[in-house]
Structures are given as C-alpha cells and as structure tokens.
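Asks: With the hints as extra help, turn the sequences into a complete structure.
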Amino acid sequence: MSTIVETAAKPRLVMSRAKAFNVALAVGVVVVLIVSGLTQPEFLSADNLVATVRAAALIGIAAVGMTFITLTGNFVSLSTEQTAVITAILCAMALGAGWPMWAAVVVPLAVAMVIGALQGIFVALGLNSIITTLGAGAAIFGIANVITNSKTIQARVPDPMWLGTARPLGIPIQVWIFVVLVLITMVVLRKTSFGRTVKMIGSNSNTARSSGLRITRAVVASFIIASVFAGICGVLLVAQVNQAKTLNFTGFNIDVVAAVLVGGTAIQGGEGSTLRTALGAIVIAMLTNYMLLAQYEYGTRLIITGFVVGGAVIAFNWVRGKSSS
Amino acid sequence: MTETGVSLLDMKNISKSYGHVQALQDVSFNLRSGEVMALLGENGAGKSTLVKLLSGLITPDSGSITLNGEPRTLGTPSAARAAGIAVVQQEFSLVPTLTIAENLFLGSGDVRGLWTGKRLANLARPLLDTVGLEDLDPRRFVSSLSVGELQLVEIARLMGRNAEIFILDEPTAALSDVEIVRVMQVVKRLTAMGRSVIYVTHRLGEVFQIADRATIFRNGRSLDPVPVSELTIDTLVERLLGRHLGEMYPPRAASLGAPRLEIKDLSTPGLSAPISLTARQGEIVGLAGQMGSGASSVLRSVMGISFTSSGTVHLDGTDITKANRQKAISMGVGYCSDDRKFDGIFQLQSVMKNLSSAAINRFSTAGWLSNSRERSLAGQVASKFAFDESRLPSNAGNLSGGNQQKVAVGKWLAISPKVLLVEEPTRGVDVGARAEIYRNLRTLADEGLTIIFASSDMAEVKGLSDTVMTFYRGHLIRVLPAGEITDQQMMLDVTHASVSSTPTTDAVNLSDEV
Amino acid sequence: MPKRAKLWLAPLALAAVGLVAACGGSTSTSAASSAAAAPAAPAASSAAAEPAAPAASDAAAAPATMDGGGKSISVFMPSTSNNYLAEWRRGLEATAADLNYQVTVVENNFDQSEQDLQIQQALASGTKADIYVIWPADSKAGVASLRSLSQTGVPTVVANQPPPAEAVPFMTMYAGVNDYLNGQVAGQLELGARDAAIAAGMKLNSPEGNLVEIMFTPGYQASVARHDGFIDATKAAPFNMLASEYSGFDAEAGYNTMSQLIAANKGKGIDFVYAHNDALALGANKALNEAGIVPGKDVMVVGGTCHGDLTALENGQQYGSGLQAARLEGNVVALAVARYFNNDGTVLDGEDSPEPSPEFPATSTAPYKYNYIPNPGLVFSSDEAANKAILDDTVLWGDTMRNLCTY
Amino acid sequence: MTYKFFTPSLLSRIGILLFLWLAFTALSPNFSSFSNVYSVFEGFAIAGLVAAGVGTTMLVGELDLSVGSVAAVAGIIAVQCTGFGLVPAVLIASAVALVYGLAQGWIIARTGINSLVFTIATLILVRGVAFAMTPTAVLMPMDRIGMSDFLIFRLFIFSPFSLTTICVITALGLFLGYARWGREMMAFGGARNEARAAGLNMRRPIIIAFAISATLAGLAGSLASIKSASAAPFSYEGMLLTGVTAALVGGVSLYGGKGTMFGVVIGVLILRVLTAGIASRGAAVYVEYLATGVILLLVLVVEFTTESPQRRAWSERRAFERQLAAVSVPA
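Each protein sequence line maps, in turn, to chains A, B, C and D. For the first sequence, counting from 1, position 311 maps to 507 in this note's numbering; every step adds exactly one. For the second sequence, counting from 1, position 350 maps to 355 in this note's numbering; every step adds exactly one. For the third sequence, counting from 1, position 389 maps to 567 in this note's numbering; every step adds exactly one. For the fourth sequence, counting from 1, position 194 maps to 222 in this note's numbering; every step adds exactly one.
None of these hints come from the bench; they were simulated from the model. Each residue gets a CB set at the ideal place from its N, CA and C atoms; glycine is no exception. This list has only true hints and no planted wrong ones.
Here chain D is said to cover these stretches of chain C; the calculated rule only asks that three of the stretch's residues, wherever they fall, bring their Cβ under 8 Å from a Cβ of chain D:
no.	stretch
1	271 to 285
2	289 to 302
According to the in silico footprint, chain D covers these stretches of chain B (three or more CB under 8 Å from chain D):
no.	stretch
3	76 to 88
4	116 to 122
Replies: The structure is reproduced here in structure tokens:
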C-alpha cells in the first residue's frame, strides 16, 4: 500500500547535474581552443599547450587540495599562499644546509601538514574557517619573515634538482605531478570512505554528525591535504628556481580560489570534483596564455579574465539552479 | 461558529499541473466569512498546492477564483496579500535578531522612515493585545519567545496587515499542548472578529475541536465540504484515505526477549531526577512527553550526544555509558532526531547514499568503498523499510515529507542495529505514511530490534509502544505496559494536570488523533 | 523560467559600468600627462638574492672626517619583508652607524595612504628629525607627503626613485639607483652580447637579432625607465624586438613568461633576452634550457639588478648583468646625508654618477641634487673559473660583487 | 531579553582595545599624545570607511571582495576630476562607485549567486579597469597638490577626512539601527528565510548593501588618493583584508545579522592602534602581520567561548539553512 503521490521526473535532471558541469567546462575549453587556435595559430602548438598546463600546474595543485576544504563546506583557505611560502623557505633552508633531498622535501611537507592540521582542528571545533585561515595566514607570513630575516634563501644545490627540471616523455615533471595528484584525489573522493565523508559533510554536516561520520577527522584531513598540496607547490618552486623568499606566491590565494570556482565546485560544499578544479586552473591559464600571445594590454587581460570567471560562476549557478529547482 | 456566514472565497474547477504531474484536478473550494475550514489530506493530495495558489506563489492552469463575489487572479504574493489572504507559515517567518515590534511591521511597508523602539512599540501594542499577548513587551527580541508565542506574534502580524483569510498550515505541529490551547483560543477569537481561517492539519482531533467545516483532498481532487458536526473520526479517516484505515497501529509484540538496553540511574541535562529503564529485545518503548519534558534527553544521552553526568547504560551487558556517537553506532545503536531536514537526511545526496551513510564501514574495506556492496546494502534497507528501489538514485530532498522520514529512520537499518532510538518518528508525516512507518517499526521489533522512541503525540505512544513511560519537566512520572494506560492518564501525566490546573479539558481531547 | 531570460543582461551591465569607467579614464588621462622622464626603481623592487654569504660585514670604511654627532635620520619606507628593501635598510643603517647618525625607520606595507599617515603622525608629534628620508610606497606616488615633509623646513632625501620634475622643488636631494642608467648598461651589455655571438659564429634569426624583454609587473616605473634606457642605448643599432612582456619579480614569474614566449615565438626564434632583473633571467634560463635552447650558446641572456643565485653568471649561461646592489643604495643615502651636513647644507646642482670604485668613497664634499650608485655592467664568459674570479675580485665600495649581490 | 548595547562580546573587544592602548603607552609614553591620537584617527578614516562598507555586506550575509579594486578606480577618477574642485571630485568618484555597487548588487540579488564567488570575478575585472584607465601607471595632478592640505588640516584630534568618516559611519550605524530599510537589511542578514516569509523584498537589502560597500570604498579611495595627490592602478590591494579583518575583529559575523557599526569602529581602532603602535616602535611590517593573526585568532576564541550554547545552536541551524538556500533559486 504505497501512498506516495509525488511529482516525478525530477531525478533524471538531478542526476545529470554533474554531467552538465563537465559538459559546460568541456565546452568552455573547446571554445577557447577553437577561437584561440583560429586567431593565434601558435597557441595550439604542442609546446605552447604544455607550457600552458605547466603554468597552470602550481595553481592547479593548490586548488585541487583546496577543493577538499570547499567540499566539506568550509569555503576556502586563505592561508594557501603563506603555507606555500613557508614550505618553500624551509625546503630551501634544508637544501642549503646540505640535507639530502628526500629529507628537504619531506620535513617541510610535514610542517605544512602540521600547519594544516592545526587549522583543521580549529575549524572542526566550530571556529569559522575564513577567519581561522585568514589569521593563520597572517601569522605564518610573519613567522616566515622572522626566520628568513627577509632574505632570499638559496638552496645551493649544484645541479638543478630533477624535481624541478625533469621532463619525462618531454612533459615537465610539474605537469606529471599535477596530473597524478588530480587522478589520486579523484579516486580518493569517489572510492574511499574518507572521500564520501568529505562530500557528505559538505552536503549537511549535522546529518553527517548524527550518522556517525567522523567529521573532525575528515575536516582535519581536508585541511591537511590542502596544506600539503600548497606545500608541494612550495617545494616545486624551490626545485625549479633553487631559492625561496617570502614574496614568492604573491596573489596565490585569489588565483587558487578562482580556479576552484571556475571549476564549478559549489561554494557551500558537497558538490564538486578535483578534475573540474584542475580544468578550471587550466582554462584560466589558457586564457592568460592566449591573451599574452595576442599581446593584449595588461588591463584588458584582467578585464577579460574577470568576465570569464564571472561568466563561469553565473553559468554554473544557472545549471545548479536549474537542476535543483 | 457562524454557519450562516456569506461565501467569502469561491474557487471553482481549479486545475494545476507540473509537467505531466497533475497536482490539482478540477478542484473546488469554498470558504465562508467567519468560519474555520479544515483542509485535510495526505501529503501530495494537493493541499499545499492549493495553499501556494492562494498565497500567490503559483497560478492555476484553469478555473476561477472569486473573492467577495468578484473574480480575482492572485498571480503574485503581494497580490494575494493585497486581497487579504495571509499564510501563517509552518516554518516561522519571524526574524530572531529583531524585536517583536520590528517583526510585526517587517515587510509590510506600513511603517515608513524611522523605526525607533518607542514608536514601534506603541504601534505594536494593540496588535499584540488582539492575540492575547497583553503581557509581552514589544521590545523583546523574538529569539527569546517560545514556539507558541512565535505563532501568536505571527498571527498578530497578519492581523496588522488586515488579512481577511488566515491560512494556518499545521500550526500545532511543533507546539506543546498548553500552547496549542492558546493558539486555538486565538483562532476562535479571529473568527469571532469575522475573519476566516483555513486550517491545514494532520491532527484529526483538532478538526473536531475547532473547525466548522472540513474539505478533504485526495489525489489532487477535492471532496465536497462537510460540516464537522456530521463527521466522526471514523468517517473522517475513511473519507481521507478513500478506504478503511483498518488498524492504524500494528498488534503489539506477543513476547519479549532478554533485556537488551539497561539504563540505571541515568542523569543528564534535561532530566531533573535520575531515571532507570530496561528495554527488551523486540520491545518498543514509548517515552511520552511534551517538548522539554526530558523524554528526548534520555535518548540523546544514551547516544552520547549529550553529556551523561551519572548512571550507567548497558547494551547486552556491555557498558556503553561513556560511548560517543561513533562508538554507539558501531555497537548497534541508531538515533534519529526529530528534525530530519536538520540532521536526518542529506537533501542534496541520492537516497542510496543517504541509506548507506551511517554504515560506510559495512561496504568499505580499509577505507575503500565497494559500489556493489553499497548498492546491495541500500537495496536491503529499502526492501526492509518498504521503500521503492527505483527511487534510490533520486535526491532525498526531492522526496515527500513521508518518504524523507522513511529515509531518515530507515537508514539506520543499514547498521543492523540492536537498538533504535527515534525522536518524534512521524512528525509532519501524513496518515498513510504514518501507518506505514508504524508497521515497519513493529516488523523490525518482531525481528528482535529494540526501539525506544520519544513523542509528544500521545496516541502514537499508546498505539505503537509495548511499554509507555511518561515524562513531565524532567521527571519520569509513570512506567506502564501500553495496554494498561488510558489516554486520560497519559495526558494528565505529560501535562501534569494532576498537580497543576492549567490545562483545560480541550487539551485532553487532543489525544484522539488517528 | 521567464526570470532566467534576462540573465544575459548581467555581463552587459558589468560591461556598461566598465565602459563608463574606462571612458572617464581615457578622456582625462591625456590631461594628466606624466612628465616624469626621470628614472625610478620600483618599490617592491627588483631583485632577490642569496642569503648566505656572510652577511658581509659592511666593509664600508666610511670617511672618518664626517662625524654626524648623533644627528637623527627619520626614514619612511615600505616593508622590509621584501629582501631588497631589507638589504637597503641594512646598508643605510650600517653606514649611518659608522658616521654616527641615529636612524629611526617607520615601515609601511607598500601602502601609500599608510605612509602618508605615518608622515602626518611624525609631523604632528612636533619632534622633528634632523633629516627625513622617504622611499615612496607606491612607485612615484607620495608627492603630497614629500611636500608636507619639505614644508617643515627639515631637509628631505628621496630614495630609490626620483620624484617627477614638478615635485623636485620639494626634495633636498635624491640618493639611490638610476634605473635609466641601469637600462642603458643592460643595452650596452646586450650590444656586446650580439658582437660576441656573431664572433662566436652564432646564427642569428634576423639581421639585427631577435630579442625578447621580460619586465617587472605592470605599473612599476622602474620597468618604464629601464626599458627606455635600454632602447636609447641600442638606438644606433636596434634589436628586432619580438615581445616586451610584463612578468613579475621572481624566478617563477620569469620561467612562466619565458616558456610562453618561447612557444609564442617558436617560428621566429629568439636570439637575445633582456630580463629586468637576474631573478627573472634565472627563470628565463630554466625555461630556455628546458626547451633545449642553451643560454650562452643558442641565446644570449642579459639581466638587470643582481640577485642571490649567481650560478647562471658563474657557468656563463647569463652573458651579463647590470649589477645594481641594494646595499649600496642604502650606503649612498647615508653618505649623501653626511656630505650634506658636512657642508652646512649645501647641495650642488646636477648629478653625481660615480665611477665604480673598489674603495668606499671618501668624498666629503657637498652632495649633488642626484646622487647615484655606481651600476657597473659585468660580462661573463664560458670560463667558469674566470667568471667566479670576476665575482670575487670585482670589489665595489669595499666589498666583493659576490657579497653585494647576496641578500 | 531586551536590547543590550554592550554585549559581552563587544565589551571584550573594548577590553582588547584598551589593553593595546595601555600596553603601547607603557612602551612609549608619547603614544597617548594628541598627535598620535590624531594619527590613529587619520588611519581610522580610510580603514573605517572600507570596514564599514564590507561590514555592511557581511551584515546582510554577503561579502564584497571588490572594494580594493573599486577604491583604486575611484581614486583614479577623483584625481582626474580634481579640476572641478575637491568636493565635486570626491562626489563624482563616489557616484561612479555607487552606480557600480548598485549594478553589482542587482546582479547578485537577481541571480542569487554567492557573492563571495561573484565578487572574486569583479575584483579582477575592476582592477583591470583601473589599469586600462592609467596607461602611464601613476597619475599626479601636480598643479592641484595643495588640495591635500585641506584634508589633513588638523582640528583638535580630527581632520576633515576623519570627521567625514565619523559622520558617514554614524549615519550608516543609525540607518542600520533605526531606518526601515536598515532594519530590513539586518533582518535579511539574520534570517533570510524568515525575512522572505515576512514578505520582505529580497533584492533591496542586497542591492543597498553592495551600493553602500562600493560607495564607501569609492569615498575612501578618492579621499586617500587626493590626500596622496596621486593615484596608481595597483593601489589599495590590501584594503579588502584590512576591512574584513577589522569587521571580524569588531564582531560582525560572516553569516550575517550579527554586529553593529560601533563594533566595526572598535575593530578598526584595534587594528589601527596595533599598526600605529608597531610602526612607532620601528618594527618591521611583518610583526604587524603576526600580531594581526594573533588578534584574529584571539577574537575567534573569545567569540567561541562567550557565545551561549543556544545562540550557537541557532547559528548552526541558520548556517545550515543558508547552505540549503544557496543551492535553491531565489524567489
């Protein structure tokens, strides 16, 4: 005796939402590729595309990490930039002090992990994530200045670290790391109980709590992932340029957030994917690259970027509204 | 109770469809001035569509609306307001951070310019007086009001906007009985002032108390209005369901198993004195009490949500007093709160993920999920709880209230629970879905599950439980087998009428809800 | 869904606002002709450099004749979280201490309005310093503050970037880098690089040689000045300028810009690179190497401000650098102050552009209106030992290039 | 529970302010001099305007990230318009900002896009407009440099600039506290669903809030630029963070509905005292970063511990509702 009389036909639309996002992004990428390829033939050269993805790699890696925080419903981290800076500085200091490479990479990343964990614990306790990360970022930046005495830290590695310059199969190592991290995080989000928990928390943290999901653990882990990924950016920078200073990564926070948003991850959490975030970073990088090739004025470039980011968020908002109304 | 009132609102041959779903089909509805018209029907029968139509949120596909003899279209909320139709929201529309007076005039546009405390208070006073809130300071913050007071302030606000027709959408769903009495008195006062009330409810007892006539909706169609005086509970239920209800409540357990959950001298915030209880395998224990009686505190304490200050809790002999929520769940204790939207379901996730959410460990190995195991687990839960498996992929938020509640309760079956703790198992759920939930719970109990539920619905406690415990203000009043307690006694216990003399006889009759 | 229909208006509305603003801008920018041909360095300035090298005891043996007698120098400058500014501050403080001056520094976070405030506060406090030094926060902005400092009657030194012509009356003198000169030096180095390339038999992709320029961030006056200096120095025999691109200040920025420029100009081929500082040049080198283009062999790279990582200079991948040292900039300010007081406040017209000298300048004569630091251009070869020798043996104002370029 | 102005959370902030003031006075006695008070108020003038604007958007449960870019554009316009005189220049620049704010608010209200998301786009876009407007990078109306004198003319501990700010913030505070539209904004920020049910116009509060934040940012940018007698396209990038930090320190909730303009004033003063105190000690700017970080975390903890459990439960509930509302299309 079923008494359910319900408006049907909704589920089909809802199910297609994730697909709609992917289609939207793919369409965006294709349009950019076609338009730019037609107007700037150099744009479509393999070298240039690789250079573009390489340019997107650092922002992309940090954005993929931050996606976890966004998915848990804790908006964004405003300490990504500073975490990357302090990791880079520690890494350069360690290399400069003659540590073996593995230690110079692992120890700073461990510090990044602690930084992320501390913020995660604060947030899991119920403190606002924006304020926590804003405050943490300011404090970390101050500490970074204190430990460097505002000097550039030289890694002094005689030969360029392979981590910075290797090109397996002709593709820069940063791109490989980027791709691998995206794949890993995709699997983690889809296939592990941690990934499921992250999405469920973002969907409704109260229900998640009452369902016995390990919220604290998942939130702390999300902050650790975001922090460690930012740290990876720092390490990659050092590997690339053999040095680090506090003014590296200026403006990184906004770039990373923009990538997450252009990827269409819902700012209120629960919905999004690291693949889309990565694509978001790449779309922005392609756009920047194209405008550089086309010799646009700096101001014009910013205006167009603003329009693209704005257009993307309006489009995603529209798709989301359509599929949930 | 003016049977002779002139026809105020006349809706004829209204149809409305969403896509290919026919929400209203050739519906007619009539309201006289100065009367209370009960609007009844199961969820999805078309009540809420009619309410939306009257409040101007949607427009009908066909049909006519006549107000005071003049044809009207109520295309927008403001047009509906201008026509004198006001909806007293089920979810309150008062802003907690504002004062009562500010709330009274918020959104009305009546008071322009400066909103100083004194000016608003003076304007607010007469409005509050009309709804019997003479002793309330208009400058108090709304956040400090009780739920019943909120409802009355809401009515006062609508009075201030010269509403002629009040639509009360399940006004008593979240009220204690004492507050219900106050709201009912105000409803009577409204009709005495010549205003008309459309009273939407699931609680049939209230129909007999307050309504003059009743219009029943069934599957998107309306039945002719009937004077309440010509109805009995049985005929009403029959009209409502289009069939005989038969037994709303399944038969009680024939025999009970060994003690499963033993609570000794438990004391926790919300309880004024320690309590003890023993629940057996296959037993359903009903904790009856109004809001704040401490009934739900017991459940929350067992679950490790609220702090247990003293006493012990044993599950099958194992001490789980100090267990936190995760531990309790892993031991086989499920808990469902009274607010499913808040912490019962994930509205934006599929039903399948909802059903499996409490049991992620059961379909994962070393942190890796298995989709096939998840599907089969969700399928098992769905079949156990009589849930249509084809709905597993839809978002839980798109289901009807009854089905959402089934998800919120049913998901606990995924952990193969030994004990299920439920607060208000059927709040905001229509009659048909209620019966289904009761039947499911009883079947589970017969299979050996122990269920403890807290409810302010006395009929539900009496009908569903094997054992009844009554609570009043943090005190356990009485423990009795359900068969041995009378409605009268329960109501007296939970309102403490035997000691204080506040509740009126009206309150007692409320328990004859289906 | 009718509500959605008008959604396309959203970007339009934005565009309209942008347009209105832009029009307002273009009409009046022409009015605000920036005279300012004067060179200036960026605030969040160039360079970066090495920490390590023993933070070089300031070998600056200052002339003993000029004792300041504990006079006070009050400095307003942007944040020393920038390593260039930190080194500048150390240079200033060291020389000032040698000459017996008291220095107080008030930092701001590259925020002109904050600096304005700090200056107002200092003026309002009533206790005047004996001399003010101002490093304007926002490039050439901060004229109003300069003016209010000058109105106190206390001498005022401008550091790092000279004010525009109209504001010159407000300052007592300028002491610091000459970015125009820095660009000229780079231009001459690049000319030398072309000769060397041709001599070495390198095949140029165009008769003049294809060149890309990597500049600082947009809006920095130093970029403009360096660019102008470079163009003027190569006016007689110009390069074929493929692109002149804004980038940033650090190696990562240089890398990204260069790798995209390589792709963009693949068909044309790049022969020469001018990066406004050595950090950008370092990043550019990495990108070139990765693309299989070997700097020093296939392409000639010249950098501006010197900077900590000297490996590219040592191994000859960078052809040359206009070695501008942050510490000297600090030294020259303190020195100019001492010369000023030593000569009873005389300031000579014109500019003092000292030749690079190994000794700390012993001049105690009156300072000039513009006191520049020496800005030598150094050329490096493929001989690593020789290159190291250049860095270790080139001594400027009492310290080696290696130490001066390490901060 | 009737209205209490001095809530524990506000009092704790006043306590922090007094503590900082006394600490710096103890460290350097002339910290409490008139001239220093004057300069603290001068600093308050810019940061206060921005914090009040951003704070207003926070009160309605939104966030305007574009204020720094708007201030830069307004500064450029004002400097270009100084030919008309100081007051007209500031008015023109603020009016352009107002129009922009109305448009931005309208789009956000219309589409229901999370403003944090949308204004990241406009933050980039408007900065681009600033660069497009100033091909020569820095604008300096040398012939009209004397105009800045008026703005720093000293009246006791005030200047025309700080007096303007104080008047504007007071007016804004009164508007939010006692005007119908202001109360509507507070209601909207405090409980959006309830406000909708009450029949409130769901767009007006958002549009007004963004108009206010853009206008105040424009006012701050134009006054500061005229005071500096220069405008650069990259200016005021730090303004947003200062504004948000000050509003947060002043007790404005990111979730809306909670906070007062008086709290914002206290928040700005705390930061200004910190900045002035640290700069006057000759310390590097990064010490200020450290201190700001610590203050933010301190305030956060204070907030967390002084908030009553019911209040917290209520905010959680409301945060949850906002989360739901964010995914549905506004009516």
